[in-house]
Amino acid sequence: MKVQNGWRCSVFFLLYMTHVAWTQRFDVIGPSTDIFALLGEDVTLPASLSPPLNVQRFEVRWVQNDLSSVVLLYWNLQIRPERQMQTYKGRTALFPEELVSGNVSLRLQDVRVSDGGLYRCLVTSERWNEETHLTLNVEVVGTQPSISISTTEDQQTRLECSSEKWSSRPEVTWRDMNGVDVTSQSILTVQRDDEGLLRVSSIIPIKWEFNVFSCLMRSNTTRPAYQSKMGVYVFSPNVSGWSVVFWLSMALCVTATVLLILKWRRMRGESKSCIIKMSSVVLYAHFYN
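For the sequence shown, the positions run -23 to -1, 1 to 266 when mature numbering (1 follows the signal peptide of the UniProt record, and there is no 0) is used.
Honestly, I wouldn't trust all of these hints.
For each label pair, taking beta carbons as the anchor points, the in silico distance ranges come out as [stated by the list, open to error]: (1) S27 with G94: 23 to 29 Å; (2) Q132 with R169: 28 to 34 Å; (3) D171 with P58: 26 to 32 Å; (4) D131 with G94: 30 to 36 Å; (5) D158 with P23: 27 to 33 Å; (6) D11 with S78: 41 to 47 Å.
Treat the hints as calculated values from the structure; they're not laboratory data. These numbers were taken from a predicted model, which means no experiment stands behind them. Positions of the beta carbon are idealized from the N, C-alpha and C atoms, including for glycine.
Based on the sequences and whatever the hints tell you, model everything.
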């Protein structure tokens, strides 16, 4: 009888331990797509447990690329800043009130270019461990595009639209006063600076006659954001002040119309979300006899 009771206790204990082990199993769920962030903004790198277990007594470790590059370590009910990379100190946090529901997302403040790359989130309990990974892309929007005019040795007049500090190569579009896309006539040059960012220059030949040109630089990312900036440059030799005002007004009307069309298309959902910066130039020439 004692042997039988002992056998029953052993079976019960084995079943209990198996149940405990299985109830501790979990998966760490991350995003299915890359995360995008603008330079200097705050971003959340999402991660959570399934099922949504209480992780207050678990270890949560966020690393970049490899296990030695610790972005944040949560262990023994608190964050351990002494184990953290210096570049991340004071810029990272979890969501303490949501740990009970399995939320192990990382909050990263003041995003830097160096923050971009692969991240791993590792969660460890007494009996189980799992991880997920994701990629953070840091988008740096370039400076306000500027347009300058020059003449080559063979007397070819041309316009140059330039901007710098882009993290990725932007889409450049030239249009004339009639809204015709003349980008195919341009030559694009992209150079990388010491910070790893891009300087973009687009040169287009023009005729020595009145025209209005716009140069648009558009981010290629799919961020749900939209920005626009406009600058106007007037070149008008031997023209009266009233003429300058007139043609400047025309240029403003044309560029304003372009912006309104872009905004309307965005509201209608017909164009992709993007980041646009625009600069315009007005060229006037006076022919001499």
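(message) Taking the earlier hints as the rules, which of them does this structure contradict?
(response) 4, 5 and 6
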